[in-house]
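Participant: Residue numbers (our numbering), protein chains in the order written: chain F, 625 to 1119; chain C, 625 to 1119; chain E, 625 to 1119; chain Z, 625 to 1119.
Simulated from the structure, these hints should not be mistaken for laboratory data.
For clarity, every value in this text was computed on a predicted model and none was experimentally measured.
One or more of the hints may lead you astray.
Identical copies go unnamed one by one, so any copy, or any two together, can satisfy a pair.
Taking lysine to aspartate or glutamate and the DMTMM-like style, the derived pairs with C-alpha atoms no more than 20 Å apart in a straight line are [stated by the list, open to error]:
#1 Lys793 to Glu736
#2 Lys1003 to Asp920
#3 Lys973 to Asp927
#4 Lys793 to Glu762
#5 Lys973 to Glu1047
#6 Lys829 to Asp1008
#7 Lys1003 to Asp694
#8 Lys1003 to Asp1051
#9 Lys1107 to Asp694
#10 Lys973 to Asp1004
#11 Lys829 to Glu960
#12 Lys973 to Asp636
#13 Lys1107 to Asp1008
#14 Lys793 to Asp1091
#15 Lys698 to Asp794
#16 Lys829 to Glu855
#17 Lys698 to Asp1051
#18 Lys1078 to Glu680
#19 Lys698 to Glu960
#20 Lys1038 to Glu1048
Number of protein chains: 4
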Amino acid sequence: MQPFLAHPFDSDRLHEECGIFGVIGVADASSFVALGLHALQHRGQEAGGIVAHDPESGFNSAHRFGYVRDNFTKADVMGTLPGPLAIGHVRYSTAGTKAATAIRDVQPFFGEFHMGGCAIAHNGNITNAAALRRELIERGSIFQSSSDSECIIHLMARSIQRNIPERMKDALRRVEGAFSVIAMTRTKLIGVRDPLGVRPLVMGKVGEGFVLASETCALDIIGAEFIREIEPGEMVVISRGEVETSRPFGPSTGRFCIFEHVYFSRPDSIIGGRSVYETRRQIGVELAREAPIEADLVCGVPDSGTPAAIGFAQESGIPYGLGIIRNQYMGRTFIEPTEQIRNMGVRLKLNVNRSLIAGKRVVLVDDSVVRGTTSRKIKDMILDAGAAEVHFRIASPPTAWPCFYGVDTPDRDKLLAANMTPEEMRDWIGVDSLAFVSLDGLYRAVGEAEGRNKACPQYCDACFSGDYPVAPFDQLERGFRMKSGSETAMNEAAE
Amino acid sequence: MQPFLAHPFDSDRLHEECGIFGVIGVADASSFVALGLHALQHRGQEAGGIVAHDPESGFNSAHRFGYVRDNFTKADVMGTLPGPLAIGHVRYSTAGTKAATAIRDVQPFFGEFHMGGCAIAHNGNITNAAALRRELIERGSIFQSSSDSECIIHLMARSIQRNIPERMKDALRRVEGAFSVIAMTRTKLIGVRDPLGVRPLVMGKVGEGFVLASETCALDIIGAEFIREIEPGEMVVISRGEVETSRPFGPSTGRFCIFEHVYFSRPDSIIGGRSVYETRRQIGVELAREAPIEADLVCGVPDSGTPAAIGFAQESGIPYGLGIIRNQYMGRTFIEPTEQIRNMGVRLKLNVNRSLIAGKRVVLVDDSVVRGTTSRKIKDMILDAGAAEVHFRIASPPTAWPCFYGVDTPDRDKLLAANMTPEEMRDWIGVDSLAFVSLDGLYRAVGEAEGRNKACPQYCDACFSGDYPVAPFDQLERGFRMKSGSETAMNEAAE
Amino acid sequence: MQPFLAHPFDSDRLHEECGIFGVIGVADASSFVALGLHALQHRGQEAGGIVAHDPESGFNSAHRFGYVRDNFTKADVMGTLPGPLAIGHVRYSTAGTKAATAIRDVQPFFGEFHMGGCAIAHNGNITNAAALRRELIERGSIFQSSSDSECIIHLMARSIQRNIPERMKDALRRVEGAFSVIAMTRTKLIGVRDPLGVRPLVMGKVGEGFVLASETCALDIIGAEFIREIEPGEMVVISRGEVETSRPFGPSTGRFCIFEHVYFSRPDSIIGGRSVYETRRQIGVELAREAPIEADLVCGVPDSGTPAAIGFAQESGIPYGLGIIRNQYMGRTFIEPTEQIRNMGVRLKLNVNRSLIAGKRVVLVDDSVVRGTTSRKIKDMILDAGAAEVHFRIASPPTAWPCFYGVDTPDRDKLLAANMTPEEMRDWIGVDSLAFVSLDGLYRAVGEAEGRNKACPQYCDACFSGDYPVAPFDQLERGFRMKSGSETAMNEAAE
Amino acid sequence: MQPFLAHPFDSDRLHEECGIFGVIGVADASSFVALGLHALQHRGQEAGGIVAHDPESGFNSAHRFGYVRDNFTKADVMGTLPGPLAIGHVRYSTAGTKAATAIRDVQPFFGEFHMGGCAIAHNGNITNAAALRRELIERGSIFQSSSDSECIIHLMARSIQRNIPERMKDALRRVEGAFSVIAMTRTKLIGVRDPLGVRPLVMGKVGEGFVLASETCALDIIGAEFIREIEPGEMVVISRGEVETSRPFGPSTGRFCIFEHVYFSRPDSIIGGRSVYETRRQIGVELAREAPIEADLVCGVPDSGTPAAIGFAQESGIPYGLGIIRNQYMGRTFIEPTEQIRNMGVRLKLNVNRSLIAGKRVVLVDDSVVRGTTSRKIKDMILDAGAAEVHFRIASPPTAWPCFYGVDTPDRDKLLAANMTPEEMRDWIGVDSLAFVSLDGLYRAVGEAEGRNKACPQYCDACFSGDYPVAPFDQLERGFRMKSGSETAMNEAAE
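Same shape as in the complex, but just chain F (with noise of 0.2 Å):
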């Protein structure tokens, strides 16, 4: 089955990696978990599971390839979850894998210890997996699935701790990276953030029972109450309608993900007490103060370039106006008539506007360019539409650094900006003018008035300025190359 995809370009998108749900103390928690997955979809389109605990029937679980709307609706499959306790997981296709995943790749991941089972769903990514999967296998373990989130199982497993929190947090002090992690024992609901926090983790309240969940749009779906994100370093053991928290790895300053707030969250979520939505408009001002151009039309690409766009128009004062129109039924690939169609792809998902746009010098407004074959073929519709001039202004900063840290990213030689100058990126697109958002632009739209601390950066911002916040320990063995001075600058900071 080929996914639907959540971004008209999607194939030319960073993907978060993964949406994580957990509900405990409320009659049918899968049910909720199924309601929260869905609205974390964006987040993983691929596949998703959950796993439900009844004292009766103990642990269950179901996971399926597909959406959560046609998997988690059926009486059949949700007539086997039963309990007041659950956690859900939602994972993306990570592109240019050789092989489909396979069913045991998704998770939750369920391991039964002599003191009981345990669930783990994780969101973001183990740096030294390979390494400490070697290590397991030769001492015994053995994986079920390719992923690397079930070595946290197997660690686990072999720890010496009498409980599973502190068998956690033994596992979680061996694993290095980005995770966001939400975990289920038959009493237990815990919820753990790495100490840089870069994937997020929030926590409300629904009735008498708690919440755990990726974004706060999942607490608005089931009607429940936002109560704070978890810290970074955080663990929260959630049992009997208690929260116990802890610091499992010490005190830590976080280096949340910036591109979150560009692309990945969703626009209604809230992240450091900020709307996403109101920062990507943010964007769209600083852009148009940076990057000023005259112009008779504001267009976004729908729909990730929307808020910047409104924002752009707004600050200045050029008309706002849908100039691309996005097929609300795309889907699957038609098969390609006899005569070609000149960018049949992009036709079955957007349309222009064309007595809109006709005519009209127009700024279009996206996300971020990752290797820019979208943003040549919506130069081409646009002119083909009878644009007198395409003025593109991209809401990020050049992306031109891969992610480690659970977003699936193509290769550096692939990113755009890791090739090119942005005048070089202009002429190869194919447009009058290009601007991207300066890095202390960004930083000031989410709300850093000075910008991006140079010394002490407030995000994780890798992708753009290549500073790693974690040496990507398997990558480095397999021969990827940072930044020159930044390993140095790591070694220091571990020190």
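Mind docking chains C, E and Z on chain F? Use the hints.
Facilitator: Coordinates of chains C, E and Z only, in the frame set by chain F:
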């Protein structure tokens, strides 16, 4: 299978019942039809069908429930539909019908005459279908479907004319109501519109081939050039690269459906020489003039209210924003958790952008009010999110009369505007103010500077005015009571 | 979907084309029909259909490809078929047809007349169907299927009779060939056999209700009591617990299909007052008398050759054994490994019982020889297993003529017996001896002590004798040449 | 999905739980495995799996519920299983298990060790699995399935041996009970039988390749030559065309499962140099000698009672006939009509051949009596059909003890023979006479002229004798009470 819905509150919207598409003179005609139907999917989501003709294998057909993208993208379906000539149809599931649609009801319909086969696809509604069917059965015709459109093919089978286009004229002269029909023989593509031209039909050119389609957006997707609309009362017969035109019903003046501008057609289509998007934006401008209000934010109810919201914001100077975010993955019904979630149905489809709404006086622009139930739910969500005031502005006049020309409408007693004054509606919905664009305002927005010509209205606006341009014969037999005076008017018109 | 096959070498067998079943006056009539069709599955494996009538919901139907057990056992199908009156049909996939069967070709067929609806299920073949179809289309009938049986319903639609049974008489009087028909109106169950009674039809009683079925084994499965056969040329109309009988075609003498005894019918059915099993065993006895042989073991080709093998063993005194074991799970085609497996197709279905066969002189009893390809493969297997000698004994005379009365037969030039003498056949197959039961021997086995009455044969044995009791009109038009002299005979018979 | 059943009264039969098959050194090994598993389908109908290895793409696997013919015949499945080495497994659905089998429980199981991957397929039952599993979990192993067979792969993962065959020896030395195992590494095919050789395993040759299989019938289907049985306690490691043999458990004397001869194995298989068919026929001969009766007809309960029925008829001189006809299309459960049909479940599967049975004294030969419920139903059908007398002859001794070596048996209190004398059983079933073959008679039929050697029985016959050759450790822990005296005997044997 529960169909996906085009509009988040589709069950409280009027629905176009069909989209039609045909092409001749190209290789792989059926692939073009699949693309064209995909672009017309908003006109019918329940089922679709394609008939193709190939000199070697003759007529072949495929009829399927579900989306075009899920059926007519597969090699095992499309491979059975070879040839240079094909037509197709998408249909909407008529709400409220007792029985589910059978696959036999899915068009195109096909009949084998002794001079060869003929397939037809019909958009519209035959107002004397029940009477015709009764007569045909008495004379020995056997109906395959419960669809009224099948009458056309039986009337053709019994015509004494020697060729199919003449038989089609014979048949359509006996039919009353609204119809745009695309038909095909082994060598000809045929298009007809009823004398009033209530439903749309356009012609385009792709390479050496010709295309007929409900809307221009279906020409765009295959890169076809828009030539012109088929005129009210016109028949075109296309064969060997030539287009013959005739007027089987004599001279007539068109009365196109004005609701196509308001809601049915896609915003990127061109109707009557006008951009649908621009018309809708202009309705927003009219609304801002007719019903101004002091407020902090203008939002559209996604997606159909958006263009009018942009127009309202531009005319009023109030900032435009995305106050309501649509879930891109909306779909089937989830199992409701035991603990009641207020407005769960709505939450699956929309989420309010709380940070943007909170504390603001909000103007909410929607396309229409049918039953009004949806308007209440949206108002609840907006207020829950902390809006200070909610002002509804509706981009159409009050919908007070059912449509009998191919649009699925609730009975009159279910139409809010048929039973309440605007003030009562405002109170029942529970908003601070409520205003509809006036009928004249709507006419101005579609380019009639003088508004509606009462003596001889330029459009069919029966759903707003109760002024039915064709007597709904079957409905009158079943006891439907028209607006007093209008029957007389029609009788006079008929003389 | 590749259908499962009833006989291991089904593709080299003659096939009955249909089984029919109807019941009136019971609760849940459609459940009885499902059971009855299941018992008649050997008469048609490709597809099946059921029409039921319920006073509340009217006529409902379901038509499906595949086995009865896979379709008409599901609550979501059966729940749509309520009511006390239902009929059903299973059909065989006619080999050699260019196009795949469409679901529209699956019976029962339904027609709405002005006095109400009527569904019909037909077993047999109409020998003048092509001519009738041509005439009906010229008069304006639209055919839904490519099935000849549909003529009957169109002839009925055009009859001027005032009730459905009379219309059916009108229609069937115009039809030539072999037909057993079960039909239903809203209140009546109707059964008819053609004047010669070529195809079977029996009547039974279950509780207060009445049953019509192709064979008695379908009465057994529902615990119905066998009343009697419908007579050749008889029509029964069953309503309100009463059976009316009439003879619409005047007096006639039956000529039942003798191959029903040999192969088509189930061994546990009763035909003409005789057990099919016993008749087949008796054929084996005749064979042992007509073509005795010295041997060590008698085996049947499973399953249809088994009863005759038992009879042969009993008459000859040679021990009976299971020399060939049938795979109970036989089914679809497997992917053939690169290294050639000799006779893989056969191995999937049968395995030789090597230890039993090795070194023995084996008598192999099979029901018939059609193309002969299967006989060769079985001989190969038996010899590979080490048999000393192989003697084929065939429980029917040489099949030298095609059937035009509802049995799927290869063209004459594909029938081995039409092109070779018995000696040539023996050599071509490669066995030590080959013998067919004589036509008189077969007649004796079915109870005609004097053998075949040449002047006035008791059965239709056209496939053996070339003596066609009804002229195959359409076939003659297409160029089929009958045995010299037989046309004259028929003309005389018709006078 | 409700599985099809191999025996018409499968739910009242003992069941072999698995069939296994492996091949090395051929192109398209997985296609051979699919064929082999198809031939072994009678040993397990619920699910099947294949693992294949290809030097390019490594290990690939497919596990599916349902028949081999429905899953492993499809190009999209088989195409994912390339390479010259593959193994497979079919499994039976263990009746009475609370939860449905998960796909994770379907073998072969796979483990990645640091020296490479290994897949195993196990037929049998590990009698100390619960204890082993407990220990492994305490040491940090994570089980993927609820299957006891998974212990083997975890024991292997923790072995300190440097190659996989040695690790397998390590693991199997810790395992108690009955096992035939086929395993594969990247380059080796491995076969092992437990010291008693309770479950079968044979070796064959196809072209240059080697085959391991549960039964010889699986060699026949691929045209492989039967070489020999793997001996009790033997391990073979096949690689590069060479077979290495070893005896990891030291010297041992086999005690093969005698029920394989009675029911589990296919009649066309060869076991211990004897034809299964001939053995079963011989059991009929023994029965006729031990329990003669005056009667008119001998019938087998299809299909497993047939060979013994033939033997009984031959020895007694009473004619053999097909008194019970099996429905070839039996399958899923039909919806029961409102009016009760007596014994509907039975009627779906079998029909009595009334004309043959009526008025006769019938000897009915069946393979075994487990719960006895089926015997009663068959007796009812035979009497309903008018039989004068019914005499049951059973081709095995009374089944009075559960099997713990890989056969699914009801608890002891459900076994009719554990709770009644033969006379009570006769009365409870309601037949005129009932006789079981004696244990010595059974031994004679399998070729032991002197009958059973009490001091040192030649076979495992625990289900008849209660004499368990291996102490059922887990069962004893759960409270199972062995026949008094037998524990002592085993303890002695163990010293």
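Participant: Hint compliance check: list the failing hint numbers for this structure, sorted ascending.
Facilitator: 5, 7, 9, 13, 14, 15, 17, 18
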